[in-house]
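Peer 1: Based on the hints, put chain B in the right spot on chain A.
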Amino acid sequence: MANSTVLSALAAPVPSSSPARLATSATLAAALPGQRVRITQIAQDEDLAAWLRAVGMHEETEMTVLRRAPFDGPIHLRTSDGGEFAIHRDLARCIQVALVDARTPPRGSGEHSA
Amino acid sequence: MSLSPAAAEVRRPGAPLPERAEPAAPAVVALLGRPNSGKSSLFNTLTGGEAKVGNFPGVTVDILEAEITLPDGTAAMVADLPGLYSIDAVIDPATDEGIARGFLDRTQAASKPLVVAQVIDGTQLALGLRLTRELLARQVRLLVVVTQKDVLEGEARTLDREALEAAIGAPVVAVNGRDPASRGIILGALASTLARPAPTAKLDWNPALLARRVLADAPGLSPEAARRRTFTARADGILLHSLVGPFLFLALMAVVFAAVFLVADPVTAFFDSSIGKLRGALEHVLGASLFTSFLTDGILAGAGTVLAYVPQIAILSLAMEVLDASGYLARGAFLVDRLLRLLGLSGRSFLPLLMGHACAIPAIAATRIIRDPRERLTTILVVPLMTCSARLPTYALILATFFAGHGVWFKAAVFVGLYFSGILAGLVASLVLRRTATKGRSLPLILEMPSYRTPEWRVVLRKGWQSAVRFVRDVGRMIVLVAAVLWVLLKVPAPASVQTAAADAPAIEHSIAANIGHRLEPITRPLGFDWRMDVGLIGSFGAREVMVGTMGVIFGIEGANDDAAPLSEKIRDAKSPGGAPAYSVRTALALLAFFVIACQCMSTVAAIRRETKSWRWPIFVMVYTYAAAYVVALFCYQIAGWLHLS
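Line by line, the protein sequences are chains A and B.
Under this note's numbering, the first residue of the first sequence carries the number 1, and numbering increases by one thereafter.
Under this note's numbering, the first residue of the second sequence carries the number 1, and numbering increases by one thereafter.
Just chain A, same shape as in the assembly (with noise of 0.2 angstroms):
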């Protein structure tokens, strides 16, 4: 999938998107409920990102988001691997992802799809 599509998949459904946030767009922090994203960047630092893939979240892992918390709370995830995470907004704006399966439910549907 060409970066673009994948830029516009993950920013297009953010509300009240400002340019500043289009630019970070592709990160974890943008993915929606439903959507299935593969992980291509952990911008952390070395010690932080090593303990990411300790936990489970290593680069080519692939996520389904379960839901986000509303006011900015934490993402629920589930990895391919079978772990089920609960991650920060902050810090899953350091994550970039590649959209994998863009299986969106449809506006309005609830915020949960297994």
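I should point out that these hints are in silico values taken from the structure, not numbers from a laboratory.
Quick caveat, the model's predicted, so the values are computed rather than measured.
Heads up, the beta-carbon is just placed ideally off N, CA and C, and yes, glycines get one too.
Hints should not be assumed to be uniformly reliable.
[Said to hold, decoys possible] Some but not every residue of chain B turned toward chain A, in silico, with C-beta under 10 angstroms:
{"hint": "1", "residue": "Gln124"}
{"hint": "2", "residue": "Leu131"}
{"hint": "3", "residue": "Ala195"}
{"hint": "4", "residue": "Pro199"}
{"hint": "5", "residue": "Leu203"}
{"hint": "6", "residue": "Pro207"}
{"hint": "7", "residue": "Ala233"}
{"hint": "8", "residue": "Val285"}
{"hint": "9", "residue": "Ser289"}
{"hint": "10", "residue": "Arg331"}
{"hint": "11", "residue": "Pro444"}
{"hint": "12", "residue": "Leu445"}
{"hint": "13", "residue": "Ile523"}
{"hint": "14", "residue": "Thr524"}
{"hint": "15", "residue": "Val631"}
Peer 2: Below, chain B alone, put in the same frame as chain A:
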């Protein structure tokens, strides 16, 4: 089974002693795995629940140890290390990862025979195998224990154990951690692992690919796996719903809070009456004397304080264990995480902070659920600011004394205001601490959401029992000691040369505490406190609610704890040496402010000492809360003066 070389060396009769004439150290079995991998359950199965907290200097997390005998007769010490994700990626030595690595380093440096038994949840094999690779790279004897065998079988998945062993070059057993039969399997495997030298590490494999290869999946998702996943998704759909979820969470927290607050009450009352009877018996046998008073008002009263906390500790510990083992605790943390971020904390701090409103002692023990060491420390330091139930009798006395003319609604509003003042003080303290005393790098903000499981009641009950025993043993001793010291201060007459009270004054006026109170007066005068108030504050260090009783003794009122009205009148009518009223609304406001902030509780200090395993942090809490309490009380007193409140 053949005798392990290590064991044979120890036991060979008549063999020459090694150069260092020390008994050979028993083998160490380090039980290690990711959080929620079923490690606690397995430890319980292996040890039959018999365990003690190991003594490891500088380690602030309890490591449980238990002695076991392997089938070949070798004695081994099993250590239950904290749940961890990595042994290499250590962000801070105080994290669970750092503690586990330190433990392995020390054991290896001491040349003790060591087996690392890595517990892997079979349903998350790929995640566990990452850690396996790190452990193999350390050249340790490794036994991989794959749990949840029954769940895998239920999902029509089979683990190709031999293929896994061949790929990683280390032995593997697959068990159901809750099945008692798994004990024999694991002990046998441990003995044979110990008998072999550490394997040559095979590291040329990818955890995710290997997991996929050795776990032969039934085509498609099995009905059982699909059912489990649907159940989790449905339960999460309700429990993590953005509107319903927080409501259910608060309701559940209210139940836990009520249990700690109310259910513990009858048990505490029973302990109270038992102590009362013992007290009566002692007084009857020994007669009234200073020594009897020391035994009853000092030691026995201290022991009563310790026992009063036990039901609360046990109930909260049980509740937390159930919430954690069921998988709900992580969900609750997810729901309130955003709120707690305002305090520079995370969702895991919510439960301890909430429980702090019942009592700081169980709340401080509850901070063990917080993985990040700096966050845990911050929460421990902030919990004493929450409005615990022990503050209420003093608040009630102050309101009854100085705001007697105001209606019920006014008093209720003040009470609510005091609760919020505690939360506000906690917010400010937390934000300041995270930028000063507890600043530094924290763990990445990520929370594992385990599958829902039925808690294992045996493990849950044992944890509740262990936490109660440990509290009595570790915190109890200090509480009794401080109670004895306070008794000396309040009951033993000060040397005659420094007497300031009239000869016919109540005994407390001759006490060392009164003497200290007089000496403190110049410092506390700007807050409106005279020596009597100072003595009350000294007495209430034992427990905040003692303030009322101590003031009763000072003013010669019997039974002030049961009916505070006569004491209120005495305090209102109290005169300073110049003849002016000793106290006013200004004093009341300053005293309330002081009580909101100051850590007037020896049990809290002892609990902080217990959890941080150092004197640094309890002393820090006392210094910062007393300094802040002084400044805020001074501010209240002086502002009230400018506003002409009297």
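Peer 1: Run every hint past the structure and note whether it holds.
Peer 2: These are the hints, each one checked on the structure:
The interface hint given for Gln124 (chain B) holds, since its Cβ lies 5 angstroms from the closest Cβ of chain A, which is under the 10 angstroms cut-off. The beta carbon of Leu131 (chain B) is positioned within 10 angstroms of a beta carbon in chain A (closest approach about 7 angstroms), and the interface hint is therefore held. For the restraint placing Ala195 (chain B) at the interface with chain A, the shortest Cβ-Cβ distance is roughly 31 angstroms, beyond the 10 angstroms limit, so the hint is violated. Given hint, Pro199 (chain B) at the interface with chain A, is violated; its Cβ is 22 angstroms from that chain's nearest Cβ, farther than 10 angstroms.
Interface restraint check for Leu203 (chain B): the shortest CB-CB distance to chain A comes to about 15 angstroms, outside 10 angstroms, so the restraint is violated. The beta carbon of Pro207 (chain B) is positioned within 10 angstroms of a beta carbon in chain A (closest approach about 8 angstroms), and the interface hint is therefore held. With its C-beta approaching chain A no nearer than about 4 angstroms, Ala233 (chain B) sits inside the 10 angstroms limit, and its interface hint holds. About 61 angstroms separates the beta-carbon of Val285 (chain B) from the nearest beta-carbon of chain A, more than 10 angstroms, and the hint is not met.
Violation of the interface hint for Ser289 (chain B) is found here, the shortest Cβ-Cβ separation to chain A being roughly 62 angstroms, above the 10 angstroms cut-off. A cut of 10 angstroms between beta carbons decides the hint on Arg331 (chain B): the least distance to chain A is about 9 angstroms, and the hint holds. Because the beta carbon of Pro444 (chain B) sits about 5 angstroms from the nearest beta carbon in chain A, less than 10 angstroms, this interface hint is met. Restraint check, Leu445 (chain B) versus chain A: the minimum CB separation of about 4 angstroms is within 10 angstroms; hint holds.
Interface restraint check: Ile523 (chain B) against chain A, minimum CB-CB distance 45 angstroms, threshold 10 angstroms, status violated. Hint status for Thr524 (chain B): violated, given a least beta-carbon distance of 44 angstroms to chain A, over 10 angstroms. Below 10 angstroms, beta-carbon pairs count as interface contacts, and Val631 (chain B) has none with chain A, the closest being about 34 angstroms; its hint is therefore violated.
Violated hints for the displayed structure, listed by number in ascending order: 3, 4, 5, 8, 9, 13, 14 and 15.
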